[in-house]
Amino acid sequence: GAGVSQSPRYKVAKRGQDVALRCDPISGHVSLFWYQQALGQGPEFLTYFQNEAQLDKSGLPSDRFFAERPEGSVSTLKIQRTQQEDSAVYLCASSFKRDWSSYEQYFGPGTRLTVT
Amino acid sequence: KNEVEQSPQNLTAQEGEFITINCSYSVGISALHWLQQHPGGGIVSLFMLSSGKKKHGRLIATINIQEKHSSLHITASHPRDSAVYICAVLPSNFGNEKLTFGTGTRLTIIP
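Chains W and C, in that order, are what the protein sequence lines are.
For the record, in the first sequence the residue sitting at position 48 is 48 according to our numbering, with numbers rising by one throughout.
Position in the second sequence (from 1) plus 1000 gives the number in our numbering.
Source of the hints: derived by calculation from the structure; they are not laboratory data.
For each residue, glycine too, the CB sits at the ideal point set by N, CA and C.
Some hints could be false.
Computed from the model, here is a short list of chain W residues facing chain C with C-beta under 7 Å [stated by the list, open to error]:
1. GLY42
2. PHE45
3. TYR48
4. GLY108
Make the full structure from the sequences, and use the hints.
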């Protein structure tokens, strides 16, 4: 079946522009995660949804970052007034069940954001 | 100090060599993931394990919960195994699903 998809795959934004990154999780997956991966680093947690509820947004680096998942399926990560330090790959992942034995996360291909 | 440490950071080996990548962590965990990331590509989950050992083809992953250590082994390595391998842990506090990642090990297999 279809995996996690993300769009766009690449985005170049001028400093100060707003961007919106989309994630389509695997159908039926309850949990959805956003991660930020700077060049040469491992991914870092941004935020997490269970269905439409945003249960944890402790990793969002500033109030310029906002995520939503209004119908419990597709999610959008929005970055307002982009800065150069926002340049990174933004990864989305989803997982099916909420018991610890099924926490395997399936990752999308990522969106590479470059802020010039 | 990072909660998840990997070694080595970079590894270059000849085709056919046996490869070992190590991961140490400092928190209690429910499970540990080994992930593979190709340049320009997304992340593929190789293993999720909470005890013992798992094997898939030429890949073997082991974990020692008491020592807070895991290893990923690749037998008969091949150039297509060249990628970044990332260890990620799921903390053991119930309801916390967010992964904590290591910085990755860049593996290059030379033909």
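Hint check results:
1. Contact between GLY42(W) and chain C, as hinted, is supported at the beta carbon level, the nearest pair being about 4 Å apart and thus within 7 Å.
2. The beta carbon of PHE45(W) is positioned within 7 Å of a beta carbon in chain C (closest approach about 5 Å), and the interface hint is therefore held.
3. Annotation: interface hint on TYR48(W) holds; nearest CB of chain C at approximately 6 Å, less than 7 Å.
4. Below 7 Å, beta-carbon pairs count as interface contacts, and GLY108(W) has one with chain C at about 6 Å; its hint therefore holds.
Against the hints set out earlier in the document, no violation occurs for any number.
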